[in-house]
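For chain A, the structure is supplied; the task is to place chain B on it using the hints.
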Amino acid sequence: MSNSDESLEQLLSKAAPRPVPDDAATAAVREVVRDEWRVVSGQRRRRKTWLSLAAAATILIAVFSITSTFRVSEVELIRVAEIQRSFGAVFIVGEQSVLIPVDDLKTIHAGQTIRTDRNAGIALAWANGGSVRFDANTTVEFRGENSIYLHDGKVYFDSTPSELIAEVDGAGIGDFEIETRQGRVTHVGTQFMTEVDSKNEKLLVSVREGRVAVAGRYHPYTAVRGEQVVFSGRQPPLVLNDPGYGENWSWVARISPAINTDGKSAYHFLHWAGRELGRKIEFSDEAVERMARTDFMMGMGRLEKGPVEALRLREATTKLEWRYKEGTIYVSNGE
Amino acid sequence: MAVYLDDKRLVKQILAGKEEAFDRFFEENFARLYRFALVRLSDDPDAAREVAQLVLTRALQKLHTYRAESALFTWLCAICRNETSDWLAKQGRYREHIILVEDFPEVQAVVDSLQIPEQMSPEHHYRRVELLRLIQVTLDKLPPKYGDVLEWKYIEGHSVKEISGRLKIGDEATQSLLARAKRAFAEVYTTLTEGLDQQWSEIRQS
Numbered sequence: 162m163s164n165s166d167e168s169l170e171q172l173l174s175k176a177a178p179r180p181v182p183d184d185a186a187t188a189a190v191r192e193v194v195r196d197e198w199r200v201v202s203g204q205r206r207r208r209k210t211w212l213s214l215a216a217a218a219t220i221l222i223a224v225f226s227i228t229s230t231f232r233v234s235e236v237e238l239i240r241v242a243e244i245q246r247s248f249g250a251v252f253i254v255g256e257q258s259v260l261i262p263v264d265d266l267k268t269i270h271a272g273q274t275i276r277t278d279r280n281a282g283i284a285l286a287w288a289n290g291g292s293v294r295f296d297a298n299t300t301v302e303f304r305g306e307n308s309i310y311l312h313d314g315k316v317y318f319d320s321t322p323s324e325l326i327a328e329v330d331g332a333g334i335g336d337f338e339i340e341t342r343q344g345r346v347t348h349v350g351t352q353f354m355t356e357v358d359s360k361n362e363k364l365l366v367s368v369r370e371g372r373v374a375v376a377g378r379y380h381p382y383t384a385v386r387g388e389q390v391v392f393s394g395r396q397p398p399l400v401l402n403d404p405g406y407g408e409n410w411s412w413v414a415r416i417s418p419a420i421n422t423d424g425k426s427a428y429h430f431l432h433w434a435g436r437e438l439g440r441k442i443e444f445s446d447e448a449v450e451r452m453a454r455t456d457f458m459m460g461m462g463r464l465e466k467g468p469v470e471a472l473r474l475r476e477a478t479t480k481l482e483w484r485y486k487e488g489t490i491y492v493s494n495g496e
Numbered sequence: 005m006a007v008y009l010d011d012k013r014l015v016k017q018i019l020a021g022k023e024e025a026f027d028r029f030f031e032e033n034f035a036r037l038y039r040f041a042l043v044r045l046s047d048d049p050d051a052a053r054e055v056a057q058l059v060l061t062r063a064l065q066k067l068h069t070y071r072a073e074s075a076l077f078t079w080l081c082a083i084c085r086n087e088t089s090d091w092l093a094k095q096g097r098y099r100e101h102i103i104l105v106e107d108f109p110e111v112q113a114v115v116d117s118l119q120i121p122e123q124m125s126p127e128h129h130y131r132r133v134e135l136l137r138l139i140q141v142t143l144d145k146l147p148p149k150y151g152d153v154l155e156w157k158y159i160e161g162h163s164v165k166e167i168s169g170r171l172k173i174g175d176e177a178t179q180s181l182l183a184r185a186k187r188a189f190a191e192v193y194t195t196l197t198e199g200l201d202q203q204w205s206e207i208r209q210s
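Sequence lines, in order, name chains A and B.
All the letters of the first sequence, read from the start, carry residue numbers 162 to 496 under the numbering used here.
All the letters of the second sequence, read from the start, carry residue numbers 5 to 210 under the numbering used here.
This is chain A alone, in the form it adopts within the complex (with noise of 0.2 Å):
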């Protein structure tokens, strides 16, 4: 080693090391430096996608007027999902983040982005299957069949829901995606919540059951049943304990879709609640069991009140008897 290195050595050797900021002031500004970046740059892509679609218009206008064919090619629209339920005021994100506010939106196409105001909430039947759920304050963008990006706000999904609820495939669905800033959460056959909050600093992803893929933008975590997985900066993913019910998730079923219960038996109903309530379903005994498969519904139609309130409805017609106990809905004769 020369005298130099060894003197440059001793040198470095007495200086500190230099100060950095924390983690979590580093993540929160890497998210508004982000926030600028995509605005900068997504302007730029679109001038520069309007300057090569006018000078492609251009030649092109150039072409069809020399041989004077015009033909006009379909707007391939693709549908990700149907509204079942909604309640409060929704709105269509538009150019420059305009809320555009709509009474009568059916068909949800791939590229919109929508917005629930507080005190709303949307159910959707997704269109390759699964039932989807926002709450109020939440704000997603449908970016494909498969995909959403969560702004803010909560989304549960349910990949395999009751086959009584209409017009939902409860046969389970593929792949599913929530994108969201701080990662990316994925489906792995399950009933999940995910939640960012407004300020973007935190995933929250409860699972209710099955587990669920975590791509966090520096963790991955697969989360299963019965935890809360929160995403904050560069911080380890922090589990907690989620028991599937309660508080957390009484919007779910708040917005519940509709259900048909015509020719339906007292059991599967029973099991659509617990799913929806986050309960498993306990019998007395098995006669009890039989005497609900055998208890068939009719003259009741399409049922929009929520599993909370059918529940309460549909024992007044049936000799069976329900009642809470934590986690369970414990069914009895009632004698």
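Warning: the hint list may mix true and false statements.
Claimed, not checked - Listed below are the simulated DSS-like cross-link pairs for lysine-lysine, each with C-alpha atoms no more than 30 Å apart in a straight line: (1) A/K480 to A/K425; (2) B/K22 to A/K363; (3) A/K425 to A/K363; (4) A/K441 to A/K425; (5) B/K186 to B/K165; (6) B/K149 to B/K22; (7) A/K175 to B/K165; (8) B/K22 to A/K175; (9) B/K66 to A/K360; (10) A/K267 to A/K466; (11) B/K186 to B/K149; (12) A/K175 to B/K149; (13) B/K186 to A/K175; (14) A/K360 to B/K94; (15) B/K66 to B/K16; (16) A/K267 to A/K425; (17) B/K22 to A/K360.
To be verified - Listed below are several chain A residues computed to face chain B (Cβ distance under 10 Å; list not exhaustive): (18) E170; (19) Q171; (20) V181; (21) P182; (22) E197; (23) R199; (24) S202; (25) G203; (26) R246.
Hints in this document: simulated from the structure, not taken from any laboratory.
Quick reminder that beta carbons are idealized off the backbone N, C-alpha and C, glycines included.
Relative to the frame of chain A, chain B by itself:
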């Protein structure tokens, strides 16, 4: 005139919306700008974070004007100087008395004055603190990987093996990187400290 091709390419990719380019831009510059601002803002970490954030957002807005005639970080530092002054003015905290040696247009070398006797006058003490601080400044002026390996090896005391693991490269590649980093450090540090004595004597006389 030199053209910083790597930086030019990076900027082009950032403007084209490439996620990896943005990540690299942020990773390589945020902490360095934070330190650049920190020392100019009385070591106020919140203010430094705010200013560094402002610099990066302003830079993104003006990125299309970057001509790669200086290193990207140098360009960002120029914005940072303006943002720091604006921030201090807005806070009513403008300070006329803090002058950083690296902000002089001409600074001169005194690498050898690092061997400073234990009994120091206040001026010697100040010089020593400044020289040691200049080490951090120099590390930030180097390509990010150079600054990191030097800090890990000689300041934090990690072994070559540990650094290799961190960088996911072989030990030989790490040794080579360290050698190049040391050469670059010596060059930048010498430039930065050139004329320090002379500048101080000018300050004393003024």
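Okay, the hints, checked on the actual structure:
{"no.": "1", "hint": "A/K480 to A/K425", "result": "16 Å, holds"}
{"no.": "2", "hint": "B/K22 to A/K363", "result": "24 Å, holds"}
{"no.": "3", "hint": "A/K425 to A/K363", "result": "42 Å, violated"}
{"no.": "4", "hint": "A/K441 to A/K425", "result": "19 Å, holds"}
{"no.": "5", "hint": "B/K186 to B/K165", "result": "18 Å, holds"}
{"no.": "6", "hint": "B/K149 to B/K22", "result": "21 Å, holds"}
{"no.": "7", "hint": "A/K175 to B/K165", "result": "22 Å, holds"}
{"no.": "8", "hint": "B/K22 to A/K175", "result": "40 Å, violated"}
{"no.": "9", "hint": "B/K66 to A/K360", "result": "26 Å, holds"}
{"no.": "10", "hint": "A/K267 to A/K466", "result": "20 Å, holds"}
{"no.": "11", "hint": "B/K186 to B/K149", "result": "12 Å, holds"}
{"no.": "12", "hint": "A/K175 to B/K149", "result": "20 Å, holds"}
{"no.": "13", "hint": "B/K186 to A/K175", "result": "15 Å, holds"}
{"no.": "14", "hint": "A/K360 to B/K94", "result": "26 Å, holds"}
{"no.": "15", "hint": "B/K66 to B/K16", "result": "13 Å, holds"}
{"no.": "16", "hint": "A/K267 to A/K425", "result": "27 Å, holds"}
{"no.": "17", "hint": "B/K22 to A/K360", "result": "24 Å, holds"}
{"no.": "18", "hint": "E170", "result": "5 Å, holds"}
{"no.": "19", "hint": "Q171", "result": "8 Å, holds"}
{"no.": "20", "hint": "V181", "result": "5 Å, holds"}
{"no.": "21", "hint": "P182", "result": "5 Å, holds"}
{"no.": "22", "hint": "E197", "result": "4 Å, holds"}
{"no.": "23", "hint": "R199", "result": "8 Å, holds"}
{"no.": "24", "hint": "S202", "result": "4 Å, holds"}
{"no.": "25", "hint": "G203", "result": "7 Å, holds"}
{"no.": "26", "hint": "R246", "result": "36 Å, violated"}
In the structure shown, a violation is registered for the earlier hints numbered 3, 8, 26, in ascending order.
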